[in-house]
Amino acid sequence: MSTPAGAPADAPATPVVRARNVTKAFGHVEVLKGIDLDVAAGEVVCLLGPSGSGKTTFLRCINSLERIDGGRIWVDGELVGLAERGGRLHRLTDKQIAAQRRDIGMVFQRFNLFPHMTALENVVEAPIRVRGLPRAQAHERARALLERVGLADRAGNYPAQLSGGQQQRVAIARALAMQPKLMLFDEPTSALDPELVGEVLSVMRELADDGTTMVVVTHEVAFAREVADQVVFMDGGVVVERGTPAEVVANPREERTRAFLARVRAGEAG
Amino acid sequence: MSGPQPPREAAGEVAERPGRIEAVEVRHPWRWVAVAVIAVLALMLAHLLVTNDQFDWGFTLEVMNQNIVLRGLLVGTLFTTVCAMAIGIVGGVLLAVLRLSDNPVLAGVSWAFTWFFRAVPRYVLLSLTGGLGALFATGLSIGVPFDFLLTQWFGTPQLRLLSIDQQALYALFGGVFGGIVGLGLSEAAYMAEIARAGLLSVDKGQHEAAEALGMTKRLAMRRVVLPQAMRVIVPPTGNEVIAMLKDTSLLVAIPVTTELFYRVSQIKNQTYEVMASNMAAVLYYLLATSLLMVGQYFLERRFGRGYGASPRRPAAAGVSLGPGGAK
Ligand SMILES: Nc1ncnc2c1ncn2[C@@H]1O[C@H](COP(=O)(O)OP(=O)(O)O)[C@@H](O)[C@H]1O
Ligand SMILES: [Mg+2]
Numbered sequence: 001m002s003t004p005a006g007a008p009a010d011a012p013a014t015p016v017v018r019a020r021n022v023t024k025a026f027g028h029v030e031v032l033k034g035i036d037l038d039v040a041a042g043e044v045v046c047l048l049g050p051s052g053s054g055k056t057t058f059l060r061c062i063n064s065l066e067r068i069d070g071g072r073i074w075v076d077g078e079l080v081g082l083a084e085r086g087g088r089l090h091r092l093t094d095k096q097i098a099a100q101r102r103d104i105g106m107v108f109q110r111f112n113l114f115p116h117m118t119a120l121e122n123v124v125e126a127p128i129r130v131r132g133l134p135r136a137q138a139h140e141r142a143r144a145l146l147e148r149v150g151l152a153d154r155a156g157n158y159p160a161q162l163s164g165g166q167q168q169r170v171a172i173a174r175a176l177a178m179q180p181k182l183m184l185f186d187e188p189t190s191a192l193d194p195e196l197v198g199e200v201l202s203v204m205r206e207l208a209d210d211g212t213t214m215v216v217v218t219h220e221v222a223f224a225r226e227v228a229d230q231v232v233f234m235d236g237g238v239v240v241e242r243g244t245p246a247e248v249v250a251n252p253r254e255e256r257t258r259a260f261l262a263r264v265r266a267g268e269a270g
Numbered sequence: 001m002s003g004p005q006p007p008r009e010a011a012g013e014v015a016e017r018p019g020r021i022e023a024v025e026v027r028h029p030w031r032w033v034a035v036a037v038i039a040v041l042a043l044m045l046a047h048l049l050v051t052n053d054q055f056d057w058g059f060t061l062e063v064m065n066q067n068i069v070l071r072g073l074l075v076g077t078l079f080t081t082v083c084a085m086a087i088g089i090v091g092g093v094l095l096a097v098l099r100l101s102d103n104p105v106l107a108g109v110s111w112a113f114t115w116f117f118r119a120v121p122r123y124v125l126l127s128l129t130g131g132l133g134a135l136f137a138t139g140l141s142i143g144v145p146f147d148f149l150l151t152q153w154f155g156t157p158q159l160r161l162l163s164i165d166q167q168a169l170y171a172l173f174g175g176v177f178g179g180i181v182g183l184g185l186s187e188a189a190y191m192a193e194i195a196r197a198g199l200l201s202v203d204k205g206q207h208e209a210a211e212a213l214g215m216t217k218r219l220a221m222r223r224v225v226l227p228q229a230m231r232v233i234v235p236p237t238g239n240e241v242i243a244m245l246k247d248t249s250l251l252v253a254i255p256v257t258t259e260l261f262y263r264v265s266q267i268k269n270q271t272y273e274v275m276a277s278n279m280a281a282v283l284y285y286l287l288a289t290s291l292l293m294v295g296q297y298f299l300e301r302r303f304g305r306g307y308g309a310s311p312r313r314p315a316a317a318g319v320s321l322g323p324g325g326a327k
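Chains as they are written, first to last, in this note's numbering: chain A, 1 to 270; chain B, 1 to 327.
For the record, the hints were derived by calculation from the structure and aren't laboratory data. For each residue, glycine too, the CB sits at the ideal point set by N, CA and C. Treat the hints loosely; a few may be bogus.
Quick partial rundown of chain B residues pointing at chain A, CB under 7 Å, derived from the structure [claimed, not checked]: (1) 42; (2) 205; (3) 208; (4) 214; (5) 215; (6) 224; (7) 227; (8) 228; (9) 288; (10) 305.
According to the in silico footprint, chain B covers these stretches of chain A (three or more CB under 8 Å from chain B) [claimed, not checked]: (11) 22-35; (12) 155-161.
Make a model of the complete structure from these sequences and hints.
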């Protein structure tokens, strides 16, 4: 939705993500217990929280990899996974869900590159097959993206021939190739050897500087403190605390947040 | 000082550092014994093949050159193998996809198909398909199902597009076509299990990565999952092709006579050159199987892309790459 010309300048822009009272259970286990979140265009939101607190599940709900049981999520003003017609909610078909996902990039903890395709083929696949971009244009764009993540010279390599950090950077380029309005990162550095974490984080930092709207699940507190506009601390399926990094990371109000940060920092020091 | 003294070299008192190792390799005397035994056995076999007058290699070659034998090889054996495997592979992958689908009805249909066609022996199955023509006394048509009821009740004209009369059906099912149908359906049941194992071998993260990029389930299956599953599917499929090649000798149950072993047997029964005739068939089966193995090698290489060591240098990529890199 674009604001009509002449609208007051202070009219609130549509948030890229708006989540209200999102609930989700696996069987009888309630994993998300009413999550709210707003992500404005160009904003970087970091989700922190102990393992099992529901961060991954919430992220996956945003692009319908999981189906929510209650609440609503809108991406760019459009209801995710549902459509309202004649006063009733209808589930979207697989095809319609696929169409919604085109505008949402996702980067996984375990990279999930396509192992039978080279780095370049990984990046051009969706633009050609899903967006219908002409080959030449897709290749040109893919090369530029690989260059941007510092892997121009690795275009012809298969994932198995790349280090973890390189694979994750290809995965970021692959997601960016669809020119998404929103990028989701699920612990993108957790599967990496410590000396490879920096190269991935610095690519993400550049994306943030370029105004990419990002939701990042991470245990990298330093990254959250320096890059995030908003930090959300989750525990047990609820948002415990949220605010700027200066509030949540530097000066947590909640005991649970403090305990978590202390544990993570002890881990980093050790 | 107690304890053993380190050797003087290790203490660094002698300047020379250990150099290239010139050691005697481990010897394997039993390997040589085995080679000797096998050599003797091989010689005995060769001697038998050359001197025993049951083997008449000239006659064998003559049999191999007979037109009816060549036609049998081409039509009944090779053509049937290719067509039945095509049905088997396409059908098997479809059955596997159905079996793994969320729709319980489709999954059940797939299960029932596999159950039936794996349970019935191929020889029996072929004599069934050979007689299928008899099922349709009034021929077979493609059109609106149960249109004869509509005609009866409402007097509407028959709604049929394509009709085959019974004569043609008899000929069709009683020939190579019937054999291809029987063997193909049977093969689909086996291929379904092979394809299912292949599809299940692909990590769930691959489906998710593809779908997160906006691919539909179908596109993800075709472009991401199936190509990876092929790596697991191809080797056992090679076995299946070879087994199929040999099972074409069951076409006699249809009965189809334009088939390699049937034709060879005809000559055998007329000439009583049992060994020499049989060897004609054996040599053709060996030859065909060898060619299939070459084909399999190339297929495995194609679908092993990305798992071996060598980087790909696609023409489009242009960039020259070092192997692997330091990391
Ligand atoms: N597919 C699933 N089936 C059942 N339980 C799940 C599934 N995925 C996640 N869970 C459970 O949901 C809870 C939250 O998981 P997750 O969202 O992965 O947490 P986090 O990412 O914060 O570590 C965990 O208790 C986990 O065991
Ligand atoms: Mg997680």
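Hint numbers not upheld by this structure, sorted from lowest to highest
1, 9 and 11
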